[in-house]
Structures are given as C-alpha cells and as structure tokens.
Amino acid sequence: MHATAANPARTMDHAVKRQPVGLVFGCTILGAAAQVLMKTGANQMAHPGLLGMVTNLPLMGGYCLYGISTLLLVLALKDGELSLLYPVIALTYVWVMVLSFLIFHDNFNLWKILGVAFIVLGVTVLGKGGRS
Amino acid sequence: MKTPVSNMLLVLLASFIGSFGGVFLKAGAEKVRQGWIYMFISKDAPFFNWRLASGVGFFLLSSYFFVLGIRPPGELSVLYPMVALGYIWTLVWSRIFFKEPLTRFKFIGLFLIVVGVFFVGLGSQ
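Each protein sequence line maps, in turn, to chains V and R. Start counting the first sequence at 1; every next residue gets the next number (the working numbering). Start counting the second sequence at 1001; every next residue gets the next number (the working numbering).
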C-alpha cells in the first residue's frame, strides 16, 4: 500500500528473516559432524562406563559440537518461526548419510537417495515460503 | 511386522517429548537479549534461563526414549517415520503457543520432509 515508505522496512525484514534459516543450516552441519564423531568414539570405546566415555575424545568432541549447534538453534529461534525452522533440522539426515558414506563406507541405496531428495525439496519449499 | 508395539510407543513418546524441546527453546530464545554475546555472559545464558535449560532437558529425555525404542527387534523402517511425527507436533505447538501462521509452504515442505524421512527409514534396514 505505502510502497515507498514501507520499502526500507521491508528490506530489513528480509535480512532478519533470511539469517535464521542460515543459522539452522549451520546447525545441521554441526549436528551431523557431532553424530559422526560420536560414532567414531563409540567404535573405539575401550572400556565401557562413565570413565570410558569421559576419556573418549571423539565422543566428548561430539557432545561439544552438539552444544554449539544448540546455541546456534537458540539464536535462530530468537528471530525466526519455530514452525519454519524446526523441520529444516531434517537436513541433518542428508549430511549424516553423505558423511557416513565417505567415512564409514556405509551403503547407499535407492530409498536413502529418494529420502534425501525429498528432504532437500521440502527444506527448499520451506525456505521459499520463509522469504515471501 | 516384527516391531513390537512397545518399541513404537517408546519412539512415539520420544517424538512427543522432543517436540516440547523445540517449544521451550523458542520460548527461551525470545527472552535472550539481542546480540549473541548475551548467550554467554548474562543471566540470559542457557544455564540460567530455565526455559532454555528445560528445552535441552526435553531433548535429552527424548533421545533416551528414542534409544530405548530403536533397540532390536525394532525395525528402523517402521520407527524412523514415527520420529518425523515430531515435526507435526511442533507445527501444532507453534500454532497454539506462538500463534505462528500456517502457510501452504509449511504444509507442503513438511509433507515432503516427512516422506523423505520415511524413505530414509526404509533404506536403513
């Protein structure tokens, strides 16, 4: 309606809205790295129990990354909508699959590839909706 | 289907509890002052903000039930899609607690993601 007057505010709004999705994107990469580290730690667990866990460097590194990832999520949720940002976390599945293929040589199959494609498509649709 | 109902109920419970993790993180995040530095140095810091702390608590509790739920003979192809239900709970809570608009984009995007997680589950057998 008030096109000229509303313009600067609108650009601001865009900048504010796009940042949270980027932050959650970072969250998913950190979350996937955390899972890979925890898997590495679990594989080389020498002695089970609390002491074995605390002295397990990859495992503890995984927990730390999870902590940082949670902080990023909080920053994102501060400016963004929960209903928009929460489903984006599903991207973690995509990175975990790629990383576990590269690092642990886990197998890939048609269902997993289809699943990844659908998740990426869904996140793209959410991203588009968040911008307009 | 070999997956016992008890495993399904545990995973369902995990997804339900986990969805409250998101709600409390959002409620807590709104209380944090502008600027990321306040996340560490003020009374808004996660350990002093009871909303954020309970959000993390819900996530931890949720992962506990999840691990119990996916124990054998639970099948991942059945149990993984149930995790995706968590996204649907979250959509409902966003509407109820934060009055967020539910747009067509959100429904379509969420539907595609749930289908994607379902396929990942099928492939993880």
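Derived by calculation from the structure, the hints in this document are not laboratory data. Any given hint could turn out to be false.
EDC-like, lysine to aspartate or glutamate: derived pairs with alpha carbons at most 20 Å apart [stated by the list, open to error]:
no.	chain 1	residue 1	chain 2	residue 2
1	V	Lys128	V	Asp79
2	V	Lys39	V	Asp106
3	V	Lys128	R	Glu1100
4	R	Lys1031	V	Asp106
5	V	Lys128	V	Glu81
6	R	Lys1002	R	Glu1075
7	R	Lys1099	V	Asp79
8	R	Lys1099	R	Glu1030
9	R	Lys1031	R	Glu1100
10	R	Lys1099	V	Asp106
11	R	Lys1002	V	Glu81
task: Go through the numbered hints given earlier and state which of them the structure violates, listing their numbers in rising order.
output: Of the numbered hints given earlier, those the structure breaks are 4, 10 and 11, listed in rising order.
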